[in-house]
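Make one complex out of these two single chains by using the hints.
Chains as they are written, first to last, in our numbering: chain S, 964 to 1100; chain F, 853 to 1095.
Simulated from the structure, these hints should not be mistaken for laboratory data. Be careful, since some hints might not be right.
Some but not every residue of chain F turned toward chain S, in silico, with C-beta under 7 angstroms [said to hold, decoys possible]: (1) Thr856; (2) Ala858; (3) Asn875; (4) Asp878; (5) Ile879; (6) Glu882; (7) Val885; (8) Asp893; (9) Asp900; (10) Arg980.
Only a predicted model underlies this, so the values are computations on that prediction, with no experimental measurement involved. Beta carbons: idealized from backbone N, C-alpha and C, even for Gly.
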Amino acid sequence: MARTFGGNADFTLGATALESWLNSITMNVDVPVSEITAFSDTYQNVVAGKKNVTLELAGVLDTTSAAADAIIFGCIGKGVATMTFKPLGSTTAYYQTSSSGLTGTLVKSYSISLPVGDKGSFTASLQDSASTVRKTA
Amino acid sequence: MGRTHAKNSEIFVDEFDFSGLVNAIDIAIENPVAEVTAFSDTDATFVDGKPSFSITLNGLYSTDYDAEMFADLTSSNRLLTVSPGDSATAGGVAYFGQGDITSRPITSNIGEAILLNTTWNGNKPLTRGKILYRGIATASVAGTGYHLGAVASTEQLIAFQHVMSATAGTTLITIIESDSTSAFGIASTAVTFTTVSTSDIAERKATAGAMTDTWYRTHMEITGASASYDILVVAGIAPLGSS
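Okay, chain F solo, but in the shape it has when bound (with noise of 0.2 angstroms):
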């Protein structure tokens, strides 16, 4: 992929997928640098601060997407993944962090449609990695593996799950598998997310470094009859820290 156009670009909040109702999407990353010059310094100095992010989603107001929205307002650590430019295809860049709704503005005004607008504040890094799995998944499979590179020690995997839709009667256990080539010989488990059964959900993992494979797969099991779930699993490298 080269320069992009972002007409085709996603948001997924915690078990939504809101891209047929939010029409822009802005990440903003703050990075407080403290000045620390001293008299023998030649030009001001700097130090590296902790970093923030914020993503602002412009929306179009739907009772549904309304709904959701107010409910986060009184929840925290929403889950918020964005696919930039390209619809969310594996292998594909992806955004991805944990936040808190801070703004949810509802303009309306005669002649023009009903705008709902929302500002997430992050509370964990954000991290920018690859889409591991995006579709539907009917019955147990492995999926491609895609190279994230090693975890050092000051390092963790994070990794998202998002199930958009969910079988009543059926199981679904999804496992990010590692390891050192795209082969997948020796599969080492690096995540493990929660069963999921009945209900839509998200799911936010954090594994710590130092890990030396560099390659990173899904694997799904699934349990029952006519399953089908819609998922979305994302995966990065971020610093250690706050998990």
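Just chain S, with the same shape it has in the complex (with noise of 0.2 angstroms):
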């Protein structure tokens, strides 16, 4: 079992790559759980509800037409784009959306932050919807 360096991971929203603007790339699962210890239980127990996929990244700006910065802002209020997440930045196993009706990953927020002392970047949240599945190639 191999330790692994974050430094290659590979995003893609939509049918774009954006590895080449991002600098970070966190994906939550949540999944609720309800409690439903009874008198017999020695231990507190409970049962999983539905999973819940959220990711947040962040990144430099570029507002080149074809930068995270434009394809990011093109998917707010559009509905659900296809994601795939790549933590290795190859295809060994990796987290994907589909977009299909309510099955896709839709932008939850957007930031643009521009000091005068530092770089233009970006910060995102988004909002996985109905699956996200987790392949091998």
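In structure tokens form, the structure reads like this:
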């Protein structure tokens, strides 16, 4: 089992690869649990609900038309898009949403920061909807 | 342009260029997705909400900046245009939107510059478009054409004109023309701004789709001797809705 450096992740939203502008990707998977503890249980007992997948992106601003800024802004309010996140930057194992009906990835928020003494940068929050699958090539 | 430093960003508020007093700009867009998970879904399921935006400017206090920001507290539908990263030049990207000022703290501490920060909440869609013209126009001129794309029937062409200075006794009419090619052989009028004469002014125009033309340029008609207009014109495509 190999320990992994985080320097080579790939990320695609829609049909566009965004890793040339991203410097941080965090994928959160929350599973709401409901307590079902009964008198006969020794410990508290819970059952799992449906998992909820969100992603936090951060990167460097580039205003060219094929860069992350244009792609992410173009997805706001436009319904679901496909998403592929490859933590290793290879096809060994990756996470993916398709884009159909309610299934896909939505842009939940997008922020641009322009400080006079630093680079232009952005952050985005994405909400996966209906189904996120883990695949292996 | 590639990855970029923010040092040459510019901010225009109505008929003012406040780039000389602002040292940080934050644009925030929120899309409140609504959960619609049903029994048959594999994962939690969501649908889009209605996006909103805010723009926060970190500024340095000056009396003229303060006066305008104070006046805007009781005005509505102010027009903000941000040129991110690079100085505003024709062909560059711009974010622009209409909003109301919601916060403007003045911070004055001994030994530090006096700060005047402002936050604006949008009341129309934030548009990501292009700068069609930036500069000082002294005579009638057709600008360079830029590709924005076709406007679908569910979209609209949004355009802002910021006139930072005008010459008394002269007039300016700015038209945005469209065509299917960059040659503008058969140009059509997409937007006509209100005639400007003696007053600095900013104006927002919206033209509903569908428009099949994909190229856009400014065409300025200026009359009068020794005219000089300091102008920024931006245009982009936004979802059709509240115009």
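Hint-by-hint comparison with the structure:
1. Thr856: Hint on Thr856/F: holds, closest Cβ of chain S at ~5 angstroms, below 7 angstroms.
2. Ala858: At about 4 angstroms, which falls below the 7 angstroms cut-off, the nearest Cβ of chain S leaves the hint on Ala858/F intact, so it holds.
3. Asn875: Result: holds, 4 angstroms to nearest chain S Cβ.
4. Asp878: holds, 5 angstroms
5. Ile879: This hint holds: Ile879/F lies near chain S, its Cβ roughly 4 angstroms from the closest one there, short of 7 angstroms.
6. Glu882: holds, 5 angstroms
7. Val885: holds, 5 angstroms
8. Asp893: Result: holds, 5 angstroms to nearest chain S Cβ.
9. Asp900: Check passed: Cβ of Asp900/F comes within 5 angstroms of chain S, closer than 7 angstroms.
10. Arg980: holds, 5 angstroms
Checked against the numbered hints listed earlier, the structure breaks none of them; every hint is satisfied.
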